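Colleague: Next come the chains, spelled out residue by residue.
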Amino acid sequence: MTPETYLTGAQHTAYLQYQEDKAVAWAKGLHYWQRIAASRHFVEPVDVPYVGAWHDPFEAAAPMKVTTPSGRCISELMKGGIHPPLEAHLGAKILLVAKSGKYDVVDQIDAPEWRQRHGEIVNEWIVDYRRCHAETAPPMGLEDAIEYVLMKDVPHYVWGTKRNRRMFAVMDRSRIPKDRRLRNAWKLEELPCQL
Amino acid sequence: MSQITVGNIQNLAGDGATQLYEGLAKSWVEMTGAGTAAITNSFGIGSITDNGTGDYSGNLSTSMSSADYSVIAAPSSITHGLQASTSTSAYQMLTYGNAHTAADGNISAAVFGDLA
Chain G
0 MTPETYLTGA
10 QHTAYLQYQE
20 DKAVAWAKGL
30 HYWQRIAASR
40 HFVEPVDVPY
50 VGAWHDPFEA
60 AAPMKVTTPS
70 GRCISELMKG
80 GIHPPLEAHL
90 GAKILLVAKS
100 GKYDVVDQID
110 APEWRQRHGE
120 IVNEWIVDYR
130 RCHAETAPPM
140 GLEDAIEYVL
150 MKDVPHYVWG
160 TKRNRRMFAV
170 MDRSRIPKDR
180 RLRNAWKLEE
190 LPCQL
Chain L
0 MSQITVGNIQ
10 NLAGDGATQL
20 YEGLAKSWVE
30 MTGAGTAAIT
40 NSFGIGSITD
50 NGTGDYSGNL
60 STSMSSADYS
70 VIAAPSSITH
80 GLQASTSTSA
90 YQMLTYGNAH
100 TAADGNISAA
110 VFGDLA
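As you go down the protein sequences, you meet chains G and L in turn. Numbering-wise (numbering that gives the first Met the number 0), the first sequence opens with residue 0 and increments by one. Numbering-wise (numbering that gives the first Met the number 0), the second sequence opens with residue 0 and increments by one.
Hints are supplied without guarantee of correctness; some may be wrong.
As the list claims (entries may be wrong) - The list that follows gives simulated cross-link-like pairs (lysine to aspartate or glutamate, EDC-like), each with its CA atoms no further than 16 Å apart:
hint, chain 1, residue 1, chain 2, residue 2
1, G, K78, G, D143
2, G, K161, G, E112
3, G, K161, G, E188
4, G, K21, L, D113
5, G, K21, L, E21
6, G, K78, G, E43
Said to hold, decoys possible - A partial selection of chain L residues facing chain G, derived with a Cβ cut-off under 8 Å:
hint, residue
7, K25
8, I38
9, F42
10, I44
11, G45
12, T48
13, T52
14, N58
15, S62
16, A66
17, D67
18, T87
As the list claims (entries may be wrong) - Partial chain G-side listing against chain L, Cβ under 8 Å, derived:
hint, residue
19, I35
20, P62
21, V65
22, T66
23, T67
24, S69
25, A91
26, Q107
27, N122
28, W124
29, I125
30, V148
31, D152
32, R172
33, K177
34, R179
Hints in this document: simulated from the structure, not taken from any laboratory. Owing to the predicted nature of the structure, the values given are computational and were not obtained by experimental measurement. By construction, the Cβ of each residue, glycine as well, lies at the ideal position given by its N, Cα and C atoms.
For reference, chain G alone in the conformation it holds in the complex:
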């Protein structure tokens, strides 16, 4: 099954236009991946002092998760002109198909929650990613770059939804316990540390 199976009318027309724009992006050398590949020759990774610690509200019994930004990606963001604006990532359109037969086109920012709410996902396709190819973000500072990566890679329902207990914190990497048994017992709401 391909995206065409699920897309109809205007959605399908937009998808075909996206495929054409993607081919143009490759041909002109503006593809997002090509910018990252080219930057490898002049960007050196930096030390990233902060990590994102979070609980997944859909996995209440699971231990705290820790997202560590890549030093190379942070360096690329600080250089500017390589990665797209954060909004381009979050607004990319994804077609998601659940095993139940339900399907929908959602923004990337909403995709993690959709996956959680609709059970097993049979497949998913990007149907519009053109802003990521066409636009680039300006240089940014270290903390802004870390925030960019964490907002992109930690599900929005974790950091963007107000809840009764703290689900997400940016903290100094050195404060994460090295011992897994200790770390598994951590609850973010009991921690005083936050960036």
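Dock chain L against the given chain G, drawing on the hints supplied.
Modeller: Only chain L this time, still in chain G's reference frame:
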């Protein structure tokens, strides 16, 4: 001797381009899983997430066009590791020790497939 440097080949009709990047790894990562998981070296990775003992996610900088792509994961300090699930923007890796129970370890992974 002449040298041809080219990223795409277009047919005579001008209606299609063959990407010579097809066989390249679109992303790779070498990481340590013990303690606080850390990236040793990487390409095309935005971050890694430590989900629990022997359970890690690689979060891609550039999304893949669909969830159908290949992740080749090879552990270096434990018995075995495998790729568990994929989405367009991330993939999951699991690592196991001698008793086939989840265990932290070092792991390398490479992603092959079509980009968004």
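Colleague: Look at each hint and say if it fits the structure.
Modeller: Verification of the supplied hints:
1. G:K78 with G:D143: 12 Å, holds
2. G:K161 with G:E112: 15 Å, holds
3. G:K161 with G:E188: 13 Å, holds
4. G:K21 with L:D113: 12 Å, holds
5. G:K21 with L:E21: Between K21 (chain G) and E21 (chain L) the Cα gap is close to 15 Å, so the pair holds against 16 Å.
6. G:K78 with G:E43: Holds. K78 (chain G) to E43 (chain G) sits at ~10 Å (cutoff 16 Å).
7. K25: Status holds, d = 6 Å.
8. I38: I38 (chain L) check passes; min Cβ-Cβ to chain G is 5 Å, inside 8 Å.
9. F42: The hint holds - F42 (chain L) has a Cβ within 8 Å of chain G, the shortest such distance being about 7 Å.
10. I44: 5 Å, holds
11. G45: OK, holds: G45 (chain L) within 8 Å of chain G, min 5 Å.
12. T48: Cβ of T48 (chain L) sits 4 Å from chain G, so the hint holds.
13. T52: The hint holds - T52 (chain L) has a Cβ within 8 Å of chain G, the shortest such distance being about 6 Å.
14. N58: Interface hint status for N58 (chain L): holds (4 Å vs cutoff 8 Å).
15. S62: This hint holds: S62 (chain L) lies near chain G, its Cβ roughly 6 Å from the closest one there, short of 8 Å.
16. A66: With a minimum Cβ separation of about 5 Å from chain G (threshold 8 Å), the hint on A66 (chain L) holds.
17. D67: With Cβ-Cβ at 7 Å, under 8 Å, it holds.
18. T87: Given a least distance of 5 Å, the restraint on T87 (chain L) holds.
19. I35: Because about 6 Å separates I35 (chain G) from the closest Cβ in chain L, which is inside the 8 Å limit, the hint holds.
20. P62: 5 Å, holds
21. V65: 5 Å, holds
22. T66: Cβ of T66 (chain G) sits 4 Å from chain L, so the hint holds.
23. T67: 6 Å, holds
24. S69: 5 Å, holds
25. A91: At about 7 Å, which falls below the 8 Å cut-off, the nearest Cβ of chain L leaves the hint on A91 (chain G) intact, so it holds.
26. Q107: 7 Å, holds
27. N122: Cβ of N122 (chain G) sits 5 Å from chain L, so the hint holds.
28. W124: OK, holds: W124 (chain G) within 8 Å of chain L, min 4 Å.
29. I125: Where the cut-off is 8 Å and the nearest Cβ of chain L is about 4 Å from I125 (chain G), the hint holds.
30. V148: This interface hint holds because 5 Å falls under the 8 Å limit.
31. D152: 4 Å, holds
32. R172: Nearest chain L Cβ about 6 Å off; hint holds.
33. K177: 4 Å, holds
34. R179: At 6 Å from the nearest chain L Cβ, R179 (chain G) passes the 8 Å test, so the hint holds.
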